[in-house]
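Peer 1: Below are the chains, spelled out letter by letter.
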Amino acid sequence: MTTASLAASDRGAAVRIDRLFLGLALGATAILVALVLLDHQPASAALILGGFGLGIAFLKAEFSYTASWRRFVTRGDASGLVGGLIVIVMCALVVAPVAALSQRYGGAIAPLGPSLVIGAFVFGIGMQLANGCGSGTLYTVGGGSGRMLIALLFFVIGSVFGSLSLPAFLALGGIDPVLASDYFGAWGGLAVTLASIALFASVFIAIARKRGAPYQPSRNYVIGGIAIGILCVVVFFAGGHPWSVTFGYTVWGAKAATALGFDLSHAAFWQWPGPKRALTDSVLTDTSSLTDFGMLFGAMAAAAATKPFAASAWPPAKSLLAAGIGGLLMGWGARIGFGCNIGAFVGGVASGSLHGWIWLLAAMPGCLLGIRLRPLFGLSRD
Amino acid sequence: MRVVYIVVVVFGVAAILVDHLSSPSSGRAVSPEDFAGACAPCGAPCPSKK
Numbered sequence: 001m002t003t004a005s006l007a008a009s010d011r012g013a014a015v016r017i018d019r020l021f022l023g024l025a026l027g028a029t030a031i032l033v034a035l036v037l038l039d040h041q042p043a044s045a046a047l048i049l050g051g052f053g054l055g056i057a058f059l060k061a062e063f064s065y066t067a068s069w070r071r072f073v074t075r076g077d078a079s080g081l082v083g084g085l086i087v088i089v090m091c092a093l094v095v096a097p098v099a100a101l102s103q104r105y106g107g108a109i110a111p112l113g114p115s116l117v118i119g120a121f122v123f124g125i126g127m128q129l130a131n132g133c134g135s136g137t138l139y140t141v142g143g144g145s146g147r148m149l150i151a152l153l154f155f156v157i158g159s160v161f162g163s164l165s166l167p168a169f170l171a172l173g174g175i176d177p178v179l180a181s182d183y184f185g186a187w188g189g190l191a192v193t194l195a196s197i198a199l200f201a202s203v204f205i206a207i208a209r210k211r212g213a214p215y216q217p218s219r220n221y222v223i224g225g226i227a228i229g230i231l232c233v234v235v236f237f238a239g240g241h242p243w244s245v246t247f248g249y250t251v252w253g254a255k256a257a258t259a260l261g262f263d264l265s266h267a268a269f270w271q272w273p274g275p276k277r278a279l280t281d282s283v284l285t286d287t288s289s290l291t292d293f294g295m296l297f298g299a300m301a302a303a304a305a306t307k308p309f310a311a312s313a314w315p316p317a318k319s320l321l322a323a324g325i326g327g328l329l330m331g332w333g334a335r336i337g338f339g340c341n342i343g344a345f346v347g348g349v350a351s352g353s354l355h356g357w358i359w360l361l362a363a364m365p366g367c368l369l370g371i372r373l374r375p376l377f378g379l380s381r382d
Numbered sequence: 001m002r003v004v005y006i007v008v009v010v011f012g013v014a015a016i017l018v019d020h021l022s023s024p025s026s027g028r029a030v031s032p033e034d035f036a037g038a039c040a041p042c043g044a045p046c047p048s049k050k
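Those sequence lines, one after another, are chains A and B.
Here my numbering is used: the first sequence runs in plain steps of one and ends on residue 382.
Here my numbering is used: the second sequence runs in plain steps of one and ends on residue 50.
Just chain A, with the same shape it has in the complex (with noise of 0.2 Å):
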């Protein structure tokens, strides 16, 4: 290569960054860091920071939870799930151990019964229709996508929708959650814990090669994974639980409907404890919000510091719909189903909640379900 050729691919590589949009997101981010950390708050902007660098390494490895479902459920390639549970791995050697020998810091749990099974089922389908889900949504909407823009609105009415809906499911009965330490003790459930994702891994593998599809993740999936199981760790000593997504959602929707008029304040989720706190209490004191944020100009800052930010067009309007009606139905099942893939299934499955794997369950029929309506909205199944 000629120094011109170099020259100019120099200023190939330069033109290729979007000072606007990398300039605000990490002005955004500063602004929140700083809002923090005038509260005396460094854990929180720690929350924040380690939501950045999720946002990076999720744009950048391109970890994507709903095209690894759907490349299971169609052709049994199960490198993109074997490679999701590198993640879970990661977050189990610290978390499960943690939350069950220190009482500063808890495990993801929930209860087991009709709602999470309900919940994880729509929420499968509305993954696939938006072709995303709730970390999924998060970095595709801070990497540019209009579409995703859409699905993240709705996800966040549905989510309110949720929250009023709740109660009405749990009342349909259940049982406590059931932990793997408190059976097994700390280390002795972080061993059965380890063992059922090397179960259910062994599952996903035979399955992929008797389908003839591959099942080892790729490179770049396993230094994503790694990277990603870092900051899962990072996030948990920083807020004391494990990450999660979708509460946030929550708690911006009902901050949104009070300011319309809206008094929520009176619904039986909102007066529960947590909830009635966070819809009372500034957005940065919820964890949730906290990695969100942290998340979205993360993925901001990184797309725009390779190329020209949200620089496509938009998509068409079947696809906008899809987007739309998946955001709502995923809001929805993520409240009814205690989280998604996120705080559900990897924070579950990393706490040795068995509802975790339950709720990893329920959502892969939705997600069958929800491939097989794609071409209704001209998104193709694979």
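Note that these hints are calculated values from the structure, not bench results.
We put the CB at the ideal spot given by N, CA and C, even for glycine.
Treat the hints with caution; some may be incorrect.
[As the list claims (entries may be wrong)] As a list, the in silico SDA-like pairs of lysine to any residue whose alpha-carbon atoms are at most 25 Å apart: (1) B/K49 to A/L93; (2) A/K318 to B/A15; (3) A/K276 to B/R28; (4) B/K49 to A/L194; (5) A/K276 to B/C46; (6) A/K307 to B/M1; (7) A/K60 to B/A36; (8) A/K276 to B/A36; (9) A/K276 to B/D19; (10) A/K318 to A/D263; (11) A/K276 to B/I6; (12) A/K60 to B/D19; (13) A/K276 to B/V3; (14) A/K210 to A/T74; (15) A/K276 to A/D263; (16) A/K60 to A/L26; (17) B/K49 to A/A171.
[Unchecked claim] In silico contact screen, one side only, chain A against chain B (beta carbon under 8 Å); selected entries: (18) P111; (19) A227; (20) G239; (21) W272; (22) L284; (23) T285; (24) W314; (25) P315.
[Claimed, not checked] Beta-carbon label-pair distances, calculated as ranges: (26) B/R28 to A/P214: 43 to 53 Å; (27) A/P114 to B/G37: 19 to 29 Å; (28) B/G37 to A/G261: 41 to 51 Å; (29) A/A313 to B/G12: 18 to 28 Å; (30) A/R211 to B/G37: 26 to 36 Å; (31) A/L199 to B/A15: 19 to 29 Å; (32) A/L361 to B/G12: 30 to 40 Å; (33) B/A36 to A/F184: 22 to 32 Å; (34) B/G12 to A/L37: 16 to 26 Å; (35) A/E62 to B/K49: 38 to 48 Å; (36) A/G185 to B/A36: 33 to 43 Å; (37) B/V7 to A/G185: 47 to 57 Å.
Based on the hints, put chain B in the right spot on chain A.
Peer 2: Same frame as chain A, but now just chain B:
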């Protein structure tokens, strides 16, 4: 699409600022799971508590 994004980011950050400055915020960040009786990430109570 870029204009929409600029509006969303500016409006979003402004909304966070207004909410933060007009709401209690001195305590550490919490999750609904931190509260007594919470049985899920959203703060739902345990079935056995009913």
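Peer 1: Of all the hints numbered above, which does this structure not satisfy? Sort the numbers upward.
Peer 2: Hints 1, 2, 4, 7, 10, 11, 12, 13, 19, 25, 28, 30, 31, 36 are the ones this structure does not satisfy, whereas the remaining hints hold.
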